[in-house]
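Protein chains in written order, with numbering that gives the first Met the number 0: chain A, 0 to 176; chain B, 0 to 176.
Honestly, the hints are just simulated from the structure, not real lab data. Check each hint, because a few of them may be wrong.
Put simply, identical chains are the same to the list, so a pair is met inside one copy or across any two.
To be verified - The list that follows gives simulated cross-link-like pairs (lysine to any residue, SDA-like), each with its CA atoms no further than 20 Å apart: (1) K51 <-> T117; (2) K96 <-> G122; (3) K81 <-> D121; (4) K51 <-> G160; (5) K51 <-> A7; (6) K96 <-> L52; (7) K51 <-> W68; (8) K96 <-> C84; (9) K96 <-> G160; (10) K51 <-> G70; (11) K96 <-> L126; (12) K81 <-> G122; (13) K51 <-> K81.
Given the structure is predicted, the values throughout are model-derived calculations rather than measurements.
Chain residues, written in single-letter form:
Protein chains: 2
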Amino acid sequence: MDITEFVAQSIGQWRSQRSAHHLAFGHFEAVESEIDIMALAVDDPAVIDLCKLHNVDPTQVVSPFRMTWEGQSDWEENEVIKGTCVLVPIPDPERRKCGRLLRDQGYAEEIAAIGDYTLTEDGMFVLITPYERAAAEEKIWFVNPNVRCRVSLIKTSAGTGVVTASFSSEIRQGVKS
Amino acid sequence: MDITEFVAQSIGQWRSQRSAHHLAFGHFEAVESEIDIMALAVDDPAVIDLCKLHNVDPTQVVSPFRMTWEGQSDWEENEVIKGTCVLVPIPDPERRKCGRLLRDQGYAEEIAAIGDYTLTEDGMFVLITPYERAAAEEKIWFVNPNVRCRVSLIKTSAGTGVVTASFSSEIRQGVKS
Chain A
0 MDITEFVAQS
10 IGQWRSQRSA
20 HHLAFGHFEA
30 VESEIDIMAL
40 AVDDPAVIDL
50 CKLHNVDPTQ
60 VVSPFRMTWE
70 GQSDWEENEV
80 IKGTCVLVPI
90 PDPERRKCGR
100 LLRDQGYAEE
110 IAAIGDYTLT
120 EDGMFVLITP
130 YERAAAEEKI
140 WFVNPNVRCR
150 VSLIKTSAGT
160 GVVTASFSSE
170 IRQGVKS
Chain B
0 MDITEFVAQS
10 IGQWRSQRSA
20 HHLAFGHFEA
30 VESEIDIMAL
40 AVDDPAVIDL
50 CKLHNVDPTQ
60 VVSPFRMTWE
70 GQSDWEENEV
80 IKGTCVLVPI
90 PDPERRKCGR
100 LLRDQGYAEE
110 IAAIGDYTLT
120 EDGMFVLITP
130 YERAAAEEKI
140 WFVNPNVRCR
150 VSLIKTSAGT
160 GVVTASFSSE
170 IRQGVKS
């Protein structure tokens, strides 16, 4: 699987159940959300802007997309968690299964971030993103075309300690009409 | 990583946080447990018995172990979940990173079971176990020597639908004194 196929499989609306384990305290958090993943044109202004921000040549962009989410955590019953972010893959010209992923909103911290991805031999997308005070390691894979799993770890910036481990199971909600 | 190294890294006492997502209902279940993984001798009677049960030559056994767990679910506050099981890897003589895993208690069903494992290039242990009415697919990997993640999927026996997706984060509790 290459990045184009991986993104193509991800496009759509998903219902997500996410459990976060806050390891130091042994706490569980449960989040339910709707996730919308939409393909963007390679010349979408948001894509071009993100390339400029990271000093990346926009002709190298492959399969950019926008992810939008809205949900609720059992920690903050009355608060809606929502957001949107633009993600732009830049494949490594020499190694087809690796590359960089630009995003305009980070996962561990709400700043623009740039991560390194690899697609493994068994079709798993692995993304490592360093932040100022933390590092995120994500693994995403398809169980079948309509079920996607995602494990996200937030580590200390030195990369040794794991602060939060979270798991999402995502079920496709059918093509948007 | 081969099976010997994988089992050696797993030996010890672990504190586990497990979240199960019951996908059809969107339910979350939280389980906290202690897991003890102990090396067994290749000629331990429990190992030999399990080989006999599955008609496997006991000289092919590598790194057998016993797993014992005790915990509590938020679904059944007053009930203790506990159990023990013997696991016996039988590496494929031709392909070093693959093999079969015998167990005397199944995960999806409480019967003896035999699964197929693969260790991927990035050190993930992937186990597929068919049962009578279901199939289990597990992925286990080390984030560092003291943190282990495990994703377990229970699928319909046809292998297409996912019934339960669960995630465990396991933290080493130090060497048993």
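Quiz prompt | Copy assignment of K96 with L126, given that the CA separation must stay at most 20 Å | solution = Intra 12 Å, inter 24 Å, cutoff 20 Å: intra-copy only.
Quiz item: 20 Å Cα cut-off: does K96 pair with G160 within a copy, between copies, both or neither?
Solution: Close neither inside one copy (28 Å) nor across copies (28 Å); limit 20 Å.
Practice problem: Please work out whether the CA atoms of K96 and L52 approach to 20 Å or closer within one copy, between two copies, in both situations, or in neither? | Solution: For K96 and L52, neither the intra-copy (24 Å) nor the inter-copy (43 Å) Cα distance is at most 20 Å.
Quiz item: Given a CA cutoff of 20 Å, do K51 and A7 count as a within-copy pair, a between-copy pair, both, or neither?
Solution: neither (25 Å within a copy, 48 Å between copies)
Self-check item: K51 and W68: within-copy, between-copy, both or neither at 20 Å Cα
Solution: neither (25 Å within a copy, 53 Å between copies)
Quiz item: Given identical chains, is K51 near G70, meaning Cα to Cα at most 20 Å, within a copy, between copies, both, or neither?
Solution: neither (31 Å within a copy, 52 Å between copies)
Quiz item: Should K51 paired with G160 be assigned to within, between, both, or neither, using CA atoms and 20 Å as the limit?
Solution: Neither way: K51 and G160 sit 33 Å apart in one copy and 43 Å across, limit 20 Å.
Exercise. Indicate which option fits the pair K51, T117 if close means a Cα-Cα distance not exceeding 20 Å: within, between, both or neither.
Key: neither (23 Å within a copy, 43 Å between copies)
Quiz item: Is it within, between, both, or neither for K96 and G122, if the alpha carbons may be no more than 20 Å apart?
Solution: both (10 Å within a copy, 18 Å between copies)
Exercise. Evaluate K81 and D121 at a C-alpha cut-off of 20 Å and name the case that applies: within, between, both or neither.
Key: The answer is neither: 32 Å in one copy and 33 Å across copies each exceed 20 Å.
Quiz item: Is it within, between, both or neither when you check K96 against C84 at 20 Å Cα-Cα?
Solution: neither (23 Å within a copy, 39 Å between copies)
Quiz item: Is it within, between, both, or neither for K51 and K81, if the alpha carbons may be no more than 20 Å apart?
Solution: neither (26 Å within a copy, 56 Å between copies)
Hint check: violations occur at hints 1, 3, 4, 5, 6, 7, 8, 9, 10, 12, 13; the rest are consistent with the structure.
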